[in-house]
Amino acid sequence: MGIVLDKFPVVAKAVPGGQVLLTSTDYIVDLGRKYSVWPLTFGLACCAIEMMVAYAGRFDFDRFGVIPRPSPRQADLLLIAGTVTKKMAAPIVEIYHQMPEPRFVIAMGSCASCGGPYYDSYSVVKGVDRIVPVDVYVPGCPPRPEALIYGFMELQKKIMGMKLERGGGATAQAEKGSRDLTGEAA
Amino acid sequence: MKPDPVARLLAALPRAESAASPVKDYPTLRLAAPADILAAARILKDELGFAYLEMVTAVDWLGPVSLAGFVSSANPSPFTKKAPPPPVAPAAGAGIAYRPVLDMLWSFGNLQTGQKVFLRLEVPRDNAEVPSLTSLFAAADWQEREAFDLLGVRFSGHPNLTKILTPDFLKGHPLRKDYAHEKDAYDED
Amino acid sequence: MKTEEPLVSGPGLEMDTMFVNLGPQHPSTHGVLRLGLTLAGEVITKAFPDIGYLHRGTEKLMETRSYHQCVVLTDRWDYCSAMPNNLAFCLAAEKLMAVQAPPRAQALRVITCELNRIASHLIFLGTYGIDIGAFTPFLYAFREREMILDLYEALCGARLTYNYIRLGGVASDVDADWTAKCREFLEFFKPRLDEYDTLLSFNPIFLARTKGIGVIPKETAAAWGLSGPNLRGSGAAYDVRKSEPYCGYETYDFDVPLGETGSCWDRYFCRVQEMRQSVRIVEAALAALPGGDLMAKGIAKLPKPPAGEAYAHVEASRGDLGIFLVSDGGTAPYRLHVRAPCFINLAILQDILVGKKVADVIAVLGSFDIVLGEVDR
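Protein chains in written order, with my numbering: chain A, 1 to 186; chain B, 1001 to 1189; chain C, 2001 to 2377.
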């Protein structure tokens, strides 16, 4: 599937009227991706409890096509729910690289966004965006499940903007790091 | 009948004394030499039924904490150019004799009577070394490793005295008052 | 013709050991615990827990925070039950400052802490079910937990990290509406406890996976310093609420449930029974809620407790949570040490996993109900 999607823009552009074909394909592919984002079940700290609550009956994250997967090989979304410590940083990068493209990252909570209450600690990474690119930041300490769901809907919006001819999509700015707001995908 | 741990220990260890500044509301005993802790722990465990090692830790009495141990650099943000205000230095206490010692603290509990006794021992900060209690209490294993990792106390006789909480690349013992943080790969300037 | 018996051991048939790495990203390690296991076939020969993946340096940070700011950081140790964390710190600081919370605040502390114990044990019930392979209890347990969180939200605006118990008292008052809702919840919750017993506690598959697994004798449990339901599951009647009552626990009538053998099931069932006792305590506390102030007089905005050392411990949801606090008369604690029950409970893992089958690791690990935030602090 990946090869087909990679080569498709090249083929489509070569035929007359291919641009129309390309945009409608974009729409269909994005729609499919948007409603079947599978996150990795990966809790770091306090926010993980709120993440679990989001999966449970009251908030029912499954409505959005969110089905937690235990293996990074099957996951599209890395939900960084909690404080990223320096000891945990290397495993997170490894997990991130084990996930198939296109992959998305949500930084849940202030710790994952910027260090939160541990902004001056000797053992905390001040924001997960220093080690992996982040698509959506959800503020709060911890964010309510509704906030997480809102953050997820923002990610869905972002996914709808993905174009096949641009390649990597939402994480296209991976090399630059997501702090570089001059990037095209910002 | 509740045993009186302080009287028994004072009888067995003539150099020990009741601490001048006790842990509030609890019997506190100050030991004179590192070798005493093993003898005291053995008496507490075998004779008095204090078979529950509740806590092993230490206090570094060097002085107010050095701010070099905190990552004070501004969190770079594209939205704000202003640096945050520097952290407030804690005020030095009056009437406290700061001295280069690590004040060890052990706490033993008696599960039957609910009693508790604290043992204290001052050791010099440099090459601080005390005997390990792992031979008597299994609970000492990780608590001593924690004290070693964060405060740099060596426990002689511990079977596996290695880092437990901090990452391998972190140098120094963070809870020492003069700990200065060395910039690593994850700190931005 | 006689068939030769196949050799299962002996020279030339020594098995190679295998190293299995569990975590730090594993759905059943309840966070970021890493377990290194050496296996001979299916049997564990060596287990070493590797912790520190959530070490945030709280004890160091508190040395520059004011006492009121420290309460915020305490919330994030045991994030499944934050109220007892607040309480332990406040009790230690109050001991240093020689103040005592007024009666109404003390009763509210008891109510919120016991509700939090129920909420925390519900998380355990749900996640332990998932560990063993039963998904449904998770949904039921979290339904009830949401009702407690709604009560908390009405009380202090937060669902998880409350910062409700402050130095010298509590942050906000309850009204008749809140107490009515709380009673309503308790009435709703009591029959649910029987439901859990039919759903999980006496489920034959669950019993087969947990009963007789991970047995810890009483003496071993005490030697390793276990506390809370893990110690009581082994039959040792040690509860800080009974041995050193705080906040008026001596006035409430409740039992300390004990396990018999110290197996995973005993530890589990201890928690289920503790929820019943917590319901009793909350009911009694609501019935006898005294009036009066919420805060003790004379708590400064920037407290400077006199120099000294204090130790206060409470029976938190996971065990005996102790705070050793040293003040040098400054605005920040000079030194703070946490006797974290989860950290000490976890140490026994390296001992009791040896000789067990690898399939039991998750059942044993889950039964300790660890929270990595408190293990690593």
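Hints listed in this document are in silico derivations from the structure and should not be mistaken for laboratory results. Any given hint might turn out to be false.
As the list claims (entries may be wrong) - Quick partial rundown of chain A residues pointing at chain B, CB under 7 Å, derived from the structure:
id, residue
1, 33
2, 35
3, 89
4, 120
5, 160
6, 163
Said to hold, decoys possible - The following label-pair restraints were derived from C-beta to C-beta distances:
id, chain 1, residue 1, chain 2, residue 2, range
7, A, 73, C, 2260, 38 to 48 Å
8, B, 1100, A, 146, 31 to 41 Å
9, C, 2176, B, 1114, 35 to 45 Å
10, C, 2198, B, 1182, 50 to 60 Å
11, C, 2329, B, 1160, 53 to 63 Å
12, C, 2261, A, 36, 42 to 52 Å
13, B, 1171, C, 2068, 44 to 54 Å
All values reported here derive from a predicted model rather than from experimental measurement. Glycine residues also receive a C-beta, built at the ideal position from the N, C-alpha and C atoms.
Against the structure, the hints:
1. Hint status for residue 33 (chain A): violated, given a least beta-carbon distance of 28 Å to chain B, over 7 Å.
2. Of the supplied interface hints, the one on residue 35 (chain A) is violated, with its beta-carbon coming no nearer than about 32 Å to a beta-carbon of chain B, more than 7 Å.
3. Interface hint at residue 89 (chain A): satisfied, since its Cβ lies 6 Å from the closest Cβ of chain B, which is below the 7 Å cut-off.
4. Evaluation of the residue 120 (chain A) hint against chain B yields a held restraint, the C-beta minimum of about 4 Å falling below 7 Å.
5. For residue 160 (chain A), the interface hint is violated, since its Cβ never comes within 7 Å of a Cβ in chain B; the closest pair sits about 25 Å apart.
6. Restraint check, residue 163 (chain A) versus chain B: the minimum CB separation of about 25 Å is more than 7 Å; hint violated.
7. For the hinted restraint 38 to 48 Å between residue 73 (chain A) and residue 2260 (chain C), the CB-CB distance of approximately 43 Å keeps it satisfied.
8. The hinted range of 31 to 41 Å is not satisfied by residue 1100 (chain B) and residue 146 (chain A), whose Cβ atoms lie roughly 53 Å apart.
9. For residue 2176 (chain C) and residue 1114 (chain B), the hinted distance range of 35 to 45 Å is satisfied, since their beta carbons lie about 38 Å from each other.
10. The hinted range of 50 to 60 Å is satisfied by residue 2198 (chain C) and residue 1182 (chain B), whose Cβ atoms lie roughly 57 Å apart.
11. For the pair residue 2329 (chain C) and residue 1160 (chain B), the beta carbons lie near 39 Å from each other, so the given range of 53 to 63 Å is not met.
12. Remark: the range hint 42 to 52 Å for residue 2261 (chain C) to residue 36 (chain A) is upheld by a beta-carbon distance near 47 Å.
13. Against the hinted window of 44 to 54 Å, the Cβ-Cβ separation of residue 1171 (chain B) and residue 2068 (chain C) comes to about 33 Å, which falls outside the hint.
Of the numbered hints listed earlier, those contradicted by the structure are 1, 2, 5, 6, 8, 11, 13.
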